[in-house]
Amino acid sequence: MKPFAYQVPGDAVAAVRSVADRPDASFLAGGTNLVDHLRLGLIEPGLLVDVTSLTSDEITDHEGGLRIGAAVRNSDLAADRRVRERFPVLAESLLAGASGQLRNMATTGGNPLQRTRCVYFQDVSTPCNKREPGSGCSAIGGSTRNHAILGASEHCIATQPSDMGVALAALDAAVQVLGPGGERTIPFTELHRLPGETPERDTVLEHGELITAIDVPDLPIARRSRYRKVRDRASYAFALVSVAAALDVADGVVRDARIALGGVAHVPWRARRAEEALRGAPVSEQSYREAAEAELADARPQDGIDGGNGFKIPLVTGTLVATLRELAGEEA
Amino acid sequence: MTQTLEPRAMGQDLVRRDGPAKVHGTAIYADETPVENPLYCRVVQSTIARGRVRSVDTTEASALDGVITVLTPGTAERLASTDDAELAVLQSDDVGFRGQIVAAVVAETFEIAREAANLVRVEYDAVDHDTRLSADRHDLYAPEKVNAGYPTDTDVGNMEDAMALAPVTLEQTYTTPMQHNNPMEPHATTALWDPARGDGSGPGLILWDSTQGVHPMRATVRGVLGLEADQVRVVCPFVGGGFGSKGTPHANVVMAAMAARAVPGRPVRLVLTRQQMFSLAGYRTPTIQRMQLAAERDGTLRGIAIDVVEQTSRIKEFAEQTGVPTRKMYAAANRRSTHRLAALDVPVPSWMRAPGECPGMFGPEVAMDELAHELDLDPVELRIRNEPELDPETGKPFSSRNLVACLREGAERFGWAGRDLTPRARLEDGWWVGTGVAASVYPTMRQAQSTAAVRFDGGRYIARIGAADLGTGAWTVLPQIAADALGVPVEDVDVLIGDTDFPVASVAGGSSGTATWGSALVEAAREFRDKFGRGAQDGDEVEAGVRPNPDAGSYTMSAYGAQFAEVCVHAYTGEVRVPRLYGVFAAGRILNPRLARSQLLGGMTMGLGMALHEQSVLDPRFGHVVNHDLAEYHVPANADVADLQAHWIDEHDPHVNAMGSKGVGEIGIVGTAAAIVNAAWHATGVRVRDLPVTLDRFLT
Ligand SMILES: Cc1cc2nc3c(=O)[nH]c(=O)nc-3n(C[C@H](O)[C@H](O)[C@H](O)COP(=O)(O)OP(=O)(O)OC[C@H]3O[C@@H](n4cnc5c(N)ncnc54)[C@H](O)[C@@H]3O)c2cc1C
Ligand code: SF4
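Heads up: the protein sequence lines correspond to chains A and B, in order.
For the first sequence, my numbering gives the first residue as 284, with consecutive numbering after it.
For the second sequence, my numbering gives the first residue as 19, with consecutive numbering after it.
FYI, nobody ran anything at the bench for these hints, they're computed from the structure.
Even for Gly, the Cβ is constructed at its ideal location relative to N, Cα and C.
Not one of these hints is a red herring.
Across the chosen pairs, the derived CB separations fall in these ranges:
id, chain 1, residue 1, chain 2, residue 2, range
1, B, Glu54, A, Arg467, 53 to 61 Å
2, A, Val536, B, Thr440, 34 to 42 Å
3, B, Ala660, A, Ser567, 32 to 40 Å
Anything over 12 Å on all C-beta distances counts as not near chain B; from chain A, calculated:
id, residue
4, Val291
5, Arg467
6, Pro470
7, Glu483
Generate the whole structure from the sequences, applying the supplied hints.
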C-alpha cells in the first residue's frame with residue numbers, strides 16, 4: 284500500500300476541486316469498499332478526500348418524496364420510519380446487505396458506487412479489463428457464478444453488487460451531483476453503465492463529481508414493495524440474484540409494477556420489459572413467468588469452471604415469481 | 019484393562035479457565051507477543067504454477083525507506099535440510115505451485131513491508147502446469163501408504179462377485195471439493211534469535227507461533243535449520259483455531275525464522291493474509307469416491323467398496339485416508355478400498371478436521387441412503403441391520419460401539435418415527451421439507467509420546483506439559499483430569515501448557531490430545547502419590563510419560579455418532595436451509611459437557627458448511643484458488659444455523675484410557691454433510707452427489 288495524503292476540506296465545493304485537480308485523488312466515505320481496495324493493491328490513490336462531513340447526513344421530505352443526504356449511513360436509512368412505510372423495498376435492500384457493522388459505516392453516496400466483487404478484479408495477479416484496460420477478462424472461461432447474464436460485453440461480464448442500488452433503480456430515484464462545472468441530476472437508472480468496450484468505467488460520473496444526495500420521488504405503488512435477495516448462504520453474502528419489486532393489483536389484474544434485478548448485470552437492471560408485460564395482465568403465476576421470460580429474452584449465460592451461471596435464468600424467474608406472488612397476496 | 023479413575027472433577031460442567039482472558043482481550047496470541055522493536059515480514063508469492071524463477075529484482079523494494087532486507091532464492095540462507103520440499107523456502111529457483119514463496123521483505127512496519135513486497139519484480143520461465151483432478155487421468159498412482167499410516171488398498175473376499183451375484187446393487191460416484199481450514203486466527207509467528215539460548219556456534223531461536231503443537235513444531239524446525247532441540251523454544255499459549263492447518267508446520271514458520279536470522283537481534287513478525295493462507299497453509303484435497311454396495315433384499319450387505327481418487331502436490335505427497343472408514347463401518351463379507359493420487363502443480367494438501375473420516379463418510383453414507391430407498395427400507399433400519407459384531411477388518415471386538423444406541427436415541431429425539439419414505443412429499447409454505455440421517459465415526463487414538471511433570475508448590479499442584487489449546491478447552495479439562503488422578507479438588511491444580519520449556523507433548527490432532535496428555539498426567543499423578551503419599555512438601559516433583567495402551571492390540575476403539583437433519587428447499591429459488599440438525603454421539607466419558615458440546619456443535623456446524631457452502635474454486639488456467647477470502651469462500655453464518663443440538667449417550671469404556679474418554683474434536687464433522695444431502699433428497703427427490711449442495715441443483 285502506497286502512502287497517500289488525507290484531506291478534509293472545508294466544504295463540498297472545495298472537496299470537488301481537490302479531487303478534480305488531481306487525477307490520482309479519490310473521495311472517501313465510509314471506506315468499507317475503498318479501504319479494502321487499498322489493501323488489495325487495486326488502487327493507489329495519492330490523495331483521499333474525506334467527504335463524510337461535507338455532505339448531508341439527513342433524510343428530508345422533498346417534493347412528496349425523500350431527499351437522502353450522501354452521508355446518511357446505510358443503517359440509519361434502513362431504520363427511518365418514512366423509508367420503511369413508504370419504500371419498504373429500500374429498507375429491505377439495505378438490511379439484506381453486508382453486516383450491521385458495515386452498514387453503520389457505509390453511506391448513501393458510497394453504496395451505489397461500490398465496485399464489482401468479481402474475484403479476478405480483486406486479485407492483482409490476474410488480468411482484468413476493468414482494473415487494467417486491455418489486459419483481458421479473466422472471468423470469461425473462469426469462475427462465472429457471480430457474473431452477468433444481461434448486458435455484458437466480451438470485455439467484461441462483471442455484476443454491480445449493490446443491493447440498495449437495485450431498490451433505487453426500481454423506485455425511479457435520482458442522483459444529485461456536484462461537479463467542477465456545477466450541479467446536475469442523473470436518473471438513478473442512468474448512473475451505472477454497461478461495460479461495452481470501456482469496463483473500467485462503472486458509472487457516468489466524471490472524475491471529481493460528488494454525489495451530494497439521492498432523491499426518491501413520491502411513488503404510491505412503492506408502499507407495497509419487496510426486496511428479495513437470493514444468495515449462497517442465509518446471510519452475509521452478495522446476491523446471486525435479487526429482485527426489487529412493487530406491485531399494484533386490482534380485480535385480478537395487474538395495474539402497474541416496478542421491477543429491478545440485481546446480480547444479473549453491470550448495472551442495477553431495471554426490468555422494463557417485465558413491467559410492460561405485467562401491465563394489464565391477469566394476476567397469475569403464468570403472467571409472472573411470461574414477464575420474466577420477456578425480460579430474459581436476451582440473456583446470455585456464461586460457461587465457467589464453477590458450473591457457469593446458466594442457473595440464473597431459472598433463478599431470476601423463480602425469484603420474480605415468488606416475489607410477485609407474495610406482493611399479490613398469494614402464498615410465496 | 020486400564021485402571022479407570024474415579025470421576026470427581028471429570029464430568030463437571032466447569033467454565034473455561036482461559037475464558038475471561040479471551041473475552042477481555044488479554045489472552046496473547048502469536049502476533050501480539052510483546053517484543054521490543056519488531057520488524058515485519060511480508061512474503062512475495064509466485065504468479066506461475068510451474069517453472070523457474072529467472073530473476074528477482076529487488077532494487078525498487080530495497081530503495082524504500084524502512085526496508086531492512088529482501089530475501090530471494092539467490093540471497094536467502096541455505097537450510098540444513100531440504101528434505102521436506104514444502105519447508106525448503108527460497109532454497110531453489112523451482113516453482114512447484116502458484117502462490118509459493120519466491121521472495122520476502124523485512125521492514126520496519128507492516129505497511130512498508132506490504133508496499134515493498136508489491137515492488138519486488140520477479141521474472142519466470144514458466145512451463146505448462148496441470149491442476150486438473152479427474153478419475154480418468156492416466157498418471158494416477160498408488161501411494162505407499164495413506165495418512166496416519168494406513169494401507170493404501172484393502173481387498174477382502176471378492177467384491178466383483180458380490181456385485182455380480184447380489185440381488186440389489188448400487189454403484190455411484192460422489193465427490194467432495196477442495197476445502198480450506200480457514201481458522202479465524204491466521205497463521206502467525208513472532209521469531210527472535212536469542213543469544214541467551216544459543217550454544218557456542220550461535221544464538222538460539224524463540225518462536226511464538228500459532229501452532230497445534232509446540233514440540234512437534236520444534237522437532238521439525240530444528241531439523242530444517244540444523245539446530246539442537248534446546249536451541250529452539252516454541253511458545254503458544256492460545257490458538258485462534260487450527261482445524262489441522264496448524265498441525266504440521268508450513269512454510270511460513272521457516273520463513274519467519276529465516277527472516278529473523280537475517281536481522282540479528284531483532285524480532286520479526288510474519289502473519290499470512292487470508293489470501294496467502296489459501297496456498298501456504300494446507301487444505302483438504304478434493305475427493306472422487308466411487309462406491310459399490312451389494313445387498314440382499316432385506317438390506318444385509320454382501321459387499322461394500324470404495325475407490326478413491328484424490329490429489330497431492332507434485333512437490334510433496336499427502337494421501338488423505340478417505341477410504342479408511344468404509345473398511346470398518348458395516349459388516350459385509352466382501353470389501354475393497356483403494357486410494358489413487360494425481361500429483362498436480364498445486365499447493366500441498368494436508369490435515370483438515372477429521373482427515374479421512376470427514377470426506378470418507380460422505381460417499382458411503384449417501385450410498386447407504388440410496389440403497390435404503392432402493393430397498394424401500396428405513397435408512398436407520400438399514401444401518402442397524404448391518405451393524406457388525408466384530409470389527410469387519412480385523413475380527414477384533416470393539417472396546418465399545420454404540421452406533422445403534424446413537425441411531426435409536428437420535429431417532430427418538432428427532433421424531434423420526436413414522437417418517438414417510440417417499441421423497442418430495444412435503445411442501446410447506448413454499449418449501450420442500452425432508453429429513454435425513456447419517457452415521458459418524460472417529461477412531462480413538464493415543465499418541466506414543468507425551469510427558470507431564472507434577473510439582474507441589476505453595477499448597478498447589480502445578481503440572482506442566484507442552485500441550486496445546488486450540489480453543490478446544492485443554493486449559494480447563496487437563497486440570498480436571500490431574501485433580502482426579504491426584505485425588506484433590508480441581509481448584510488446587512494448575513496445568514501449564516503451550517511451551518517447549520515444559521515436557522514434551524504430542525500434537526493436538528487426531529482427537530487424541532486429551533487422551534494422550536491426560537494419560538501422561540495420570541501417570542505423573544500416580545507416580546507423585548506413590549513417591550510422596552499424601553504428605554507432599556513444597557518442591558516435590560515427578561515426571562512421567564504416557565504408556566502404550568495394553569488393550570490397543572486386542573480391541574478396535576472408536577467413537578460413533580448419528581446425525582439427523584431436517585432440510586428445506588425453496589420451491590421457486592432452490593435455497594437450502596437446515597432448520598434442524600441433531601447429533602447423538604457415543605464418545606466414552608464426557609469429561610466436561612460444556613467443552614464437549616461446543617466441540618461437537620462446532621464440528622457439526624463445519625459439517626453444515628461442508629454440505630452447503632465450502633468450496634475452493636481452483637482456476638486451472640492460473641492454478642490458484644480464486645475465491646480466496648471469506649467473502650467468497652463461504653462458511654456458515656449465524657443465520658444458517660438454526661436448531662442445532664449435540665447429545666451423547668452414557669458410555670463406559672474401560673479399555674480406552676484411565677479417563678474412559680474418547681476424542682470429541684473431530685467426530686462432529688463426520689457424516690453431517692451426508693445427513694444433509696440425504697435430507698435434501700428426501701425433500702426434493704433430487705440426489706446431489708457432488709458437494710456442496712448449492713441452490714442451482716434444484717432449479718429446472
Ligand atoms: C464483507 C462485506 C460484505 C458486504 N456485503 C454487501 C452486500 O451484501 N450487499 C451490498 O450491497 N453491499 C455489501 N457490501 C458493500 C458495502 O455495502 C459497501 O462497501 C458500502 O456501501 C460502500 O459505502 P462506503 O460509504 O463505505 O463507500 P467507500 O468505500 O468510502 O467508497 C466507495 C466508492 O465510492 C466513492 N464515493 C464515496 N462517496 C462518494 C460520493 N459522495 N460521491 C462520489 N463518490 C463517492 C469512493 O471514492 C469509492 O470509489 C459489503 C462489504 C463488505 C466489506
Ligand atoms: S468480468 Fe470485468 S471485472 Fe471481472 S475480470 Fe472480466 S473485466 Fe475484470
